[in-house]
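*Asks:* Here is what each chain is made of, one letter per residue.
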Amino acid sequence: MNLYEKFLHIDRRYIFILVALGVIIPLIWPLGLAVTTSPPVENVYNAVEELPPGTPVLLSVDYDPSTQPELSPMTVAVLRHCFSRDLPVIITVLHPGGPGLALEISDRISKEMGAVYGEDYVFLGYKVGSSAVILSIGQNFRVSFPADYFNTPIDEIPLMKDIQNYDDVGLAITMSGSTFPEIWVAYAHERYGQRIAAGVTAVMAADYYPFLQTGQMVGLIGGLKGAAEYEKLINRPDDGLKGMDAQTIVHLFVVLMILLGNIAFIFVQRAKRREA
Amino acid sequence: MHLSTDIWVWIAAILTLCIFSFLYKDNPFYKFAEHLLVGVSAGYFFVIYFWNLIVPNLLTPLKNGFGTLFTGGGFTGDLAALVPGILGLIILTRLIPKIAWMSRWAIGFYFGAFQGIVITGYMQAYILAQIYGTFIKANNPVFSLALMGDFFGAPGWGKALLAVSGPLMILGVVCTLTYFFFSTEHKGFVGGVAKVGIVFLMIGFGASFGYTVMARVSLLIGRLQFLLRDWLGIIS
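From first to last, the protein sequence lines stand for chains C and W. Residues in the first sequence are numbered from 1 upward in steps of one, following the working numbering. Residues in the second sequence are numbered from 1001 upward in steps of one, following the working numbering.
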C-alpha cells in the first residue's frame, strides 16, 4: 500500500481529533480573524434600524435545542438591537421545543438591557398549529394568544393593549431551524403584507435566497456566520463572533482534506490503470 | 479554570461526552445517552402537546359545553369540539385491523382541509412570486440592457457582475427546468441545454454542501463552548 492508498484509508478518528483541535484551540486562544458583513444580514439590521422607536417587532423563536448553537446567538443579537432602539418585542414560539429557550433568552437579555416585562417585551408562549396561528394573528393576536405564557390575559398587558394584528407590527422576524420561514412568507407576507425577516440554520440558508430576490423577505441571517455578522453590526461581540475563528480553521481543514483526498484518489486510479 | 458547581451542567457535560464517545466507536455510554434523549423527548413532546393542544382545544371546551348542557343552559358552540375529537379518535382505528378503513375518513378530512388552506398561500409564495422574481427585481427587469450599457461604458468587475447576474439567473432557471423536462429525449439541443442545467444544479448542491459543513461545525462549536466555558470554565 503506497502513501496515496494509505491516505485514502486513513482512520477517520484521526480526522475527528484534528477537527476537534481545530475548534478547541481557537476557542481558547482566539485569532481575531476578520468578519465581513453581507447584504442579506445588513438588510435585516437596516430593517430594524429604520423602524421608528416604539414600533413593535414580532420575534418568533421557532427552533429547539438541536439548532440552538446557530440560532440562539442571532436571537440574542436581534433582541439586543431591538431593546437598544426602544422597539417593543412580542415573542412567540411555534416550535414545541422552543418555549424554554425563548424564556431563558428573553429573561437574560431583558435584565442586561433593562427592559421591563409587559412594557418593553411580552412572551406569548407556544401555540400548536403554525399555519393556523400565523393566519390568526392577521385577524387578532387574541385569537391564538388570549393570554401570555404566564396566563396573564393580554388585554391586561400594557404593551398589547393597542396591538391587534400585523397592521400594528413593524417587522416580523422568525428564527427557525426548519420550514417555518416558508409558512411566515406564505401566510403573513402574502396574505397580510407583513414584512418578514428570517434567521435560519446554515443548512437551510441556500433555500431561502430566492425569497430575498423576490422581496418576500427583507433580509436573512444564515447560520453562525450570519449571527457573527449581526453581532458585528450592533457592535456587541458574543458567541457568534467567538466561534468564527474555529469555523474558519475547520473550513480550511475540510477544503484541504477534500483536495488531498481527490489528489490521492486520482493517483491511486492512475496506478491501478498502469497495473492493469 | 474553575469547574462548574451546578449539578445540571455536570449532567449535560457527561451526556455530551457520552454522545461524543460514538466517534471512537459504538458503546454502552452512547447507547444510554441516545435512549435517554429519545425517552425524554417523547415524554416532553407528549406533555407539551397534551397541555397546548388537547386541553385547550378539546377537554376545556367539552368540559364547558357539557357543564352548560347539564345545568340547563342548552347546547353551546363549545360542543363543536366533539367533531375534531371524534375524528381524532377515528384515526386511532388504524390500530384495529378490522375497522382500520375508518381512519381514512379522518385523514381524508384533514388532507382536504389542509390543502384548502395551503394551496393559495403556497401557490402565490412559491410559484407566482418566484416566476415574477426570476424576471423582475425591485420593479426593474433582471435582464437589463441598461446595466450592460453601464458596463461597456466604463468596464469594471462590479458592473460586470451586475450586468451578468440577471441573464445568468434566467439561463440557469431555463436550463435546470429543461433537465427536469422528460417528455423529450435529452439529445441534441435539448440534451446540451440539460447538461448546462446539470452544471447549475451542481453549483447549487455545492453551495448547500458548504452551508451544511458550516452548520455541522457550528453545532460542534456550540457543544465545545459549553464544555470549555460552562463546565470547565476555561474560556470566558
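Keep in mind that the hints were calculated from the coordinates and are not lab data. Think of the CB as a built atom: it goes at the ideal place given N, C-alpha and C, for glycine as much as any other residue. Warning: the hint list may mix true and false statements.
[As the list claims (entries may be wrong)] Heads up, incomplete: computed chain C residues facing chain W, CB under 10 angstroms, no partners named:
#, residue
1, Pro69
2, Pro73
3, Phe83
4, Ser84
5, Ala186
6, Asp207
7, Gly223
8, Lys242
9, Gln247
10, Val254
11, Leu256
*Asks:* Against this structure, judge whether each hint is valid.
*Replies:* Do the hints match the structure? See the list:
A cut of 10 angstroms between beta carbons decides the hint on Pro69 of chain C: the least distance to chain W is about 2 angstroms, and the hint holds. Because the beta carbon of Pro73 of chain C sits about 9 angstroms from the nearest beta carbon in chain W, less than 10 angstroms, this interface hint is met. About 23 angstroms separates the beta-carbon of Phe83 of chain C from the nearest beta-carbon of chain W, more than 10 angstroms, and the hint is not met. Contact between Ser84 of chain C and chain W, as hinted, is not supported at the beta carbon level, the nearest pair being about 23 angstroms apart and thus beyond 10 angstroms.
Hint status for Ala186 of chain C relative to chain W: holds, with the closest Cβ pair at about 4 angstroms, below 10 angstroms. A cut of 10 angstroms between beta carbons decides the hint on Asp207 of chain C: the least distance to chain W is about 8 angstroms, and the hint holds. Interface hint at Gly223 of chain C: satisfied, since its Cβ lies 5 angstroms from the closest Cβ of chain W, which is below the 10 angstroms cut-off. Annotation: Lys242 of chain C was flagged as interfacial toward chain W, and the flag holds, the nearest CB pair being 7 angstroms apart, inside 10 angstroms.
The beta carbon of Gln247 of chain C is positioned within 10 angstroms of a beta carbon in chain W (closest approach about 6 angstroms), and the interface hint is therefore held. For Val254 of chain C, the suggested interface contact is upheld, since its CB lies about 6 angstroms from the closest CB of chain W, less than 10 angstroms. The closest approach between the C-beta of Leu256 of chain C and any C-beta of chain W is roughly 13 angstroms, which is over the 10 angstroms cut-off, so the hint fails.
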